[in-house]
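Novice: If you want the building blocks of each chain, they are given just below.
Number of protein chains: 2
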Amino acid sequence: MKIESVDLFYLSMPIVTDAGDGSQDALMVRVRADEFTGWGECEASPLTSIAAFVCPMSHGACQPVAASVLGQRVDDPKNIGRIGASLALNSMDLLQAMHTWSGIEIALWDLLGKKLQEPVYRLLGYERAYPKLPYASQLFGSTPQETLELCRNAKQAGFKAVKCGWGPFGRGSLKEDADQLIAAREGLGPDGTLLIDAGQIWGEDIEAAALRIPLLEQVSAGWLEEPFHGSAYEAYAKLADRSRHVPLAGGEASHNSFMGRHVIDYGKVGFVQIDCGRIGGIGPAKQVADHAVSRGVTYVNHTFTSHLALSASLQPYSGLQAHRICEYPITPQPLVRDICATHLKLDRNGEISLPESTGLGIEINVEGMRKYLVDTELKAKGKVLYRTPQL
Amino acid sequence: MKIESVDLFYLSMPIVTDAGDGSQDALMVRVRADEFTGWGECEASPLTSIAAFVCPMSHGACQPVAASVLGQRVDDPKNIGRIGASLALNSMDLLQAMHTWSGIEIALWDLLGKKLQEPVYRLLGYERAYPKLPYASQLFGSTPQETLELCRNAKQAGFKAVKCGWGPFGRGSLKEDADQLIAAREGLGPDGTLLIDAGQIWGEDIEAAALRIPLLEQVSAGWLEEPFHGSAYEAYAKLADRSRHVPLAGGEASHNSFMGRHVIDYGKVGFVQIDCGRIGGIGPAKQVADHAVSRGVTYVNHTFTSHLALSASLQPYSGLQAHRICEYPITPQPLVRDICATHLKLDRNGEISLPESTGLGIEINVEGMRKYLVDTELKAKGKVLYRTPQL
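First to last, the protein sequences are chains H and G. If you read the first sequence in the working numbering, its first letter stands for residue 22, the second for the next number, and so on. If you read the second sequence in the working numbering, its first letter stands for residue 22, the second for the next number, and so on.
FYI, nobody ran anything at the bench for these hints, they're computed from the structure. Fair warning: there could be bad hints in the mix.
Where chains are identical, the list cannot tell them apart; a pair therefore holds if satisfied intra-copy or between any two copies.
Straight line, CA to CA, 30 Å or less: simulated BS3-like cross-link-like pairs of lysine-lysine [unchecked claim]:
# : residue 1 : residue 2
1 : K402      : K23
2 : K289      : K366
3 : K404      : K23
4 : K196      : K176
5 : K259      : K99
6 : K136      : K259
Treat the numbers as computed from the prediction; the structure is a model and nothing was measured.
Based on the sequences and whatever the hints tell you, model everything.
Specialist: Spelled out as structure tokens, the structure:
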């Protein structure tokens with residue numbers, strides 16, 4: 022079948038704050054071919070990713086994303102990889118292209134799964150999808166007491182693992198960080214898996230990060246995530262050498278599969294975190310999962326948005342039984358809930374399972390989306406390049 | 022002084038083709054503070070980079086570039102680095118941000134140089150700027166005969182070094198590539214430095230690239246540039262090990278200083294090529310130049326646009342006498358010539374020198390730009406976010 026249309030929908034909460042909460046807006050992608058419709062989601066600034074789709078060509082290696090996608094044939098998984106490879110050449114100098122392409126690539130897998138009557142994980146070569154143990158992904162509270170309550174609530178909601186990140190962590194004194202960590206552990210209880218996300222706060226300052234290692238050991242943290250800039254592999258490797266009990270986690274910034282491999286090989290992380298909405302979609306994420314297996318590193322999804330994005334992000338490692346945990350945003354904005362009519366809910370074991378239905382197995386809630394739709398228009402060279410399409 | 026305004030101007034040739042010619046459009050940046058005006062240039066898709074400047078905030082780590090720049094103080098070089106560091110956190114999840122910031126950063130150095138009455142290279146800590154030996158940077162001809170004539174013309178124009186890239190190279194047979202290389206050498210003559218740019222054509226296929234090494238040795242090529250995807254460091258390193266006489270060159274895709282360092286440390290290139298219009302400007306480029314010196318690798322600019330961009334791209338290694346060659350586009354589109362009133366011309370030795378005047382030392386030709394100005398408008402959330410400003 023031939024890709025007939027790719028439509029991008031910018032959704033937003035009425036008010037967007039500067040909290041580290043990535044669920045405040047979304048860029049949804051609808052792809053149509055024959056009688057099928059696939060949906061995907063970009064993890065990126067919606068307006069900028071729309072611009073990357075429609076912008077006028079700058080030269081042969083700086084073409085808009087649309088140029089490599091519209092009209093292409095998609096009949097089997099290899100076709101999706103081929104479009105991705107041609108895009109990498111045609112849009113080589115358009116940095117944002119990979120974020121835009123990510124959502125389209127996801128939608129193409131959804132479309133192809135519907136056409137071939139298979140869930141995406143089977144198209145990726147997995148026999149079955151194993152249940153994952155979701156960790157409740159949330160921001161640190163502004164006070165230790167608030168963090169304690171957040172972790173206690175997550176535990177009471179059935180989560181056996183919790184991640185606290187961003188907020189005040191790493192921005193104040195060692196004592197303040199210690200108080201936050203102890204509060205998180207207290208709220209979660211002694212048995213739960215506690216994960217800590219530093220949100221790149223130390224840039225490439227290894228000593229600042231190393232000072233927190235004893236605190237992290239004290240609360241038996243399962244990992245320290247993104248202590249440094251996403252490309253600071255040398256700093257990651259040096260800190261990994263100095264942290265015997267707390268492995269590092271990172272990789273969410275990867276915008277191609279090479280970068281996902283590098284955070285493993287050069288950065289020496291114990292957990293590689295891939296966002297399908299950034300790395301170029303499900304195909305490149307699967308390549309990183311394969312590489313992680315070959316290196317004895319654990320693959321984890323990075324997801325902070327809708328359950329469509331969540332389903333997409335689980336597919337690349339759904340068949341890897343030993344790679345057990347997954348990110349699961351616990352307090353997303355209403356927007357993110359309203360995008361989907363079906364959700365991946367915790368079962369009695371506190372686990373989630375991928376849908377067995379075709380494609381990504383998530384039913385989209387078009388009516389739910391409508392109230393968040395942002396009217397958007399881009400004009401250049403005397404033409405309307407983009408105007409919010411009909412939902 | 023306080024940054025009062027940042028204005029972005031999208032310029033374009035009336036017709037843009039899919040040739041690998043990056044001089045067909047441009048995004049110029051004008052920064053104003055006190056009575057001073059600085060100019061910079063982004064090497065990127067203009068519409069997408071404008072969107073990254075004005076887009077609505079998605080969350081605290083996905084803010085528009087404008088949020089980290091407008092109203093900030095710039096009184097010494099450290100302030101520029103500080104704005105860059107805050108942008109790296111505030112716009113962490115906005116991939117295009119670094120391309121947009123690059124042009125602004127360049128304009129801030131120009132501005133600061135004018136305010137402090139110094140050329141930029143002195144603000145970077147260099148005592149003097151050494152002349153560079155420009156290589157004529159051009160595309161392969163569509164036939165060997167055309168390539169021969171292009172190289173002969175470059176030689177006759179006074180160039181002692183020539184680079185041929187893109188076009189048919191690597192896309193056809195080994196024999197066709199051999200014919201192109203032999204023609205280039207013939208046109209340039211036996212003494213000139215011949216550089217070859219593969220434009221990432223082999224992805225990460227080491228064998229395909231290795232097949233061309235004997236041909237490159239035969240014509241005494243000075244380097245093989247970008248055989249692979251910009252992030253395929255493993256492939257670079259493996260090819261470098263197999264190519265004893267022809268060093269590799271790469272790094273133009275780097276969009277932070279880490280990546281520039283990685284292409285040296287992991288990719289084992291002999292020449293690191295940095296585009297100031299992509300890496301985050303002059304400051305991060307200087308960091309890569311320092312790293313190159315420490316590793317015995319030669320730094321080279323990557324520039325295919327105006328002489329404002331050329332001046333910016335030379336500053337980071339202007340004080341490094343041994344890093345002698347520089348990229349010099351020989352057949353740019355008229356747009357690129359008309360942006361500047363002053364140009365860096367070849368002297369009687371076939372060398373170019375940075376201007377000794379303040380800032381980047383390039384006089385902007387506002388009238389020249391005007392005829393290429395693209396009327397552009399971005400609207401979202403009921404607001405006009407961008408409309409082409411007054412030149």
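Novice: So, for every hint listed, does it hold in this structure?
Specialist: Taking the hints in turn, this is what the structure says about them:
Taking CA atoms no more than 30 Å apart as the test, K402 paired with K23 passes inside one copy only; the shortest distance there is 29 Å, against 33 Å between copies. Taking the closest pair of Cα atoms, K289 and K366 never come within 30 Å of each other, the shortest separation being 33 Å inside a single copy and 48 Å across copies. Proximity of K404 to K23 under the C-alpha cut-off of 30 Å is restricted to the intra-copy arrangement: shortest distance 26 Å within a copy versus 36 Å between copies. Within a single copy, K196 and K176 get their C-alpha atoms as close as 25 Å, which meets the 30 Å cut-off; across copies the closest is 67 Å, which misses it.
Only between protomers do K259 and K99 lie at most 30 Å apart by alpha-carbon distance; the minimum there is 27 Å, versus 38 Å within a single protomer. Taking CA atoms no more than 30 Å apart as the test, K136 paired with K259 passes in neither setting, with 47 Å inside one copy and 41 Å between copies.
This entry does not satisfy hints 2 and 6, going by the numbered hints stated previously.
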